[in-house]
Amino acid sequence: MANRQYVWPVGKEAERDAYADFADAQFALLTGVPGDIFTYRREDAFGQPYCAALCPPFALNGVVVEAPEGSAALLADGVLVDAVVLPEEE
Amino acid sequence: MRAPQRSILMGRQRRWAPSNLGASLLALWDAERSDLITKSSGLVSSLKDSVAGYDAVQAVGASKPTYGATSFNGRPGLTLDGVDDQMTYGSTTGIPTGATPFEAWAVFDQNVGTGDMTNNTIMGWGGAGGSVRFDLLRMVSGGVNRAAINIGNGSTNVQVVNTSVDFSGRHVVRAIVTGTTAQIDVDGIASSPVSVVPALGTTRLVIGAAPSLASFGQGILSAAGITAPLTTDQAALMLAWGNARRGA
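Top to bottom, those sequences are chains W and H.
Residues -12 to 77 in my numbering are what the first sequence lists, from first letter to last.
Residues 134 to 381 in my numbering are what the second sequence lists, from first letter to last.
Just chain W, with the same shape it has in the complex (with noise of 0.2 Å):
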């Protein structure tokens, strides 16, 4: 299954950051590898920030991981969708 990601509204990019910080943090805690980085922090095609969601269909070892939890906290503004419009090619 295809990771999710979270978006957020233009100019939000400190709250992308918060939870793309979190969602590290608690990835390497999974992975049990310090300092392992779970997504890239880009803007779609609209100028939107957004993140991998740490939730999900994404799995570790075959094992769906579920939305660690403090998630919602750092969400109020992003929203889960299935994927993001990314910015025209070249």
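To be clear, the hints were calculated from the coordinates, so they are not data collected in a lab.
A couple of the hints might just be wrong.
[To be verified] Computed spacing ranges between beta-carbons, pair by pair:
#1 W/V66 / H/V327: 14 to 22 Å
#2 H/G186 / W/A5: 32 to 40 Å
#3 H/M250 / W/V50: 28 to 36 Å
#4 H/I322 / W/A60: 53 to 61 Å
#5 W/E0 / H/G380: 46 to 54 Å
#6 W/V72 / H/A192: 18 to 26 Å
#7 W/D8 / H/G155: 47 to 55 Å
#8 H/G201 / W/A63: 30 to 38 Å
#9 H/T365 / W/V50: 44 to 52 Å
#10 H/G287 / W/P21: 20 to 28 Å
#11 H/I322 / W/A46: 30 to 38 Å
[Unchecked claim] Not the full set, but computed from the structure, chain W residues with beta-carbon under 10 Å of chain H:
#12 G(-2)
#13 F9
#14 V20
Since the structure is predicted, the reported quantities are computational estimates derived from the model, not experimental observations.
Ideal placement from N, C-alpha and C gives every residue a C-beta, glycine not left out.
Place chain H on chain W using the hints.
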């Protein structure tokens, strides 16, 4: 002493593999080469090619392909999610660039439905812009999944589509770029050649996305490789090798 039976002797012969192409094999990233794969928790962070160790890497967890020991027709495969999975070889050392002739091969289980009209790249290299890169991809044309290639000629991007084979499920794809023409074969069935003089850049090679790090591939990769132009016999052996993997 009795002479060994012929069947025993034949049983000791090694099965043909792309390495038998010798210098014509330029690079091969192979899900069955577990010795060249670095993975943790089922996620692949490094896939080295078997010719010179060209290392396609991914440091970010959500973008790492998933390794499956039996995911490709009961054999090893790397699952690309079509959203953000890709592995990048951050160079084109050893990879044909400019107008150098080459062939690109992939044994791939393409699982995007025809309702998805985006392009999904299995492997690409060159620069990020469409005019200076090569992509081996899946697209929808006429409501059917098709294998296609995009080739930059320095000023624009030329697309070649195989309209003969439904590119759904497991297939062997072969792009033939001669330096003046390009075509794409699927399971040995050719497209018509299209005139193009490639002008490929040198930025990176990407497995699972275009060199622009977009148009993500979705499906299960058994192997992706690059060769020099092959003879008819060599190509037939490569096709037979890929067909064995896909169960054809």
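Status of each hint after checking the structure:
1. W/V66 / H/V327: 14 to 22 Å: 42 Å, violated
2. H/G186 / W/A5: 32 to 40 Å: 39 Å, holds
3. H/M250 / W/V50: 28 to 36 Å: 33 Å, holds
4. H/I322 / W/A60: 53 to 61 Å: Holds, since H/I322 and W/A60 (Cβ atoms, about 55 Å apart) stay within the stated range.
5. W/E0 / H/G380: 46 to 54 Å: 47 Å, holds
6. W/V72 / H/A192: 18 to 26 Å: 25 Å, holds
7. W/D8 / H/G155: 47 to 55 Å: 50 Å, holds
8. H/G201 / W/A63: 30 to 38 Å: At 37 Å between Cβs, range holds.
9. H/T365 / W/V50: 44 to 52 Å: 48 Å, holds
10. H/G287 / W/P21: 20 to 28 Å: 46 Å, violated
11. H/I322 / W/A46: 30 to 38 Å: 36 Å, holds
12. G(-2): Since the shortest Cβ distance to chain H is 23 Å, the answer is violated.
13. F9: Hint violated; W/F9 Cβ to chain H Cβ min 14 Å, cut 10 Å.
14. V20: Since the shortest Cβ distance to chain H is 7 Å, the answer is holds.
Violated hints, in rising order: 1, 10, 12 and 13; the structure is consistent with all others.
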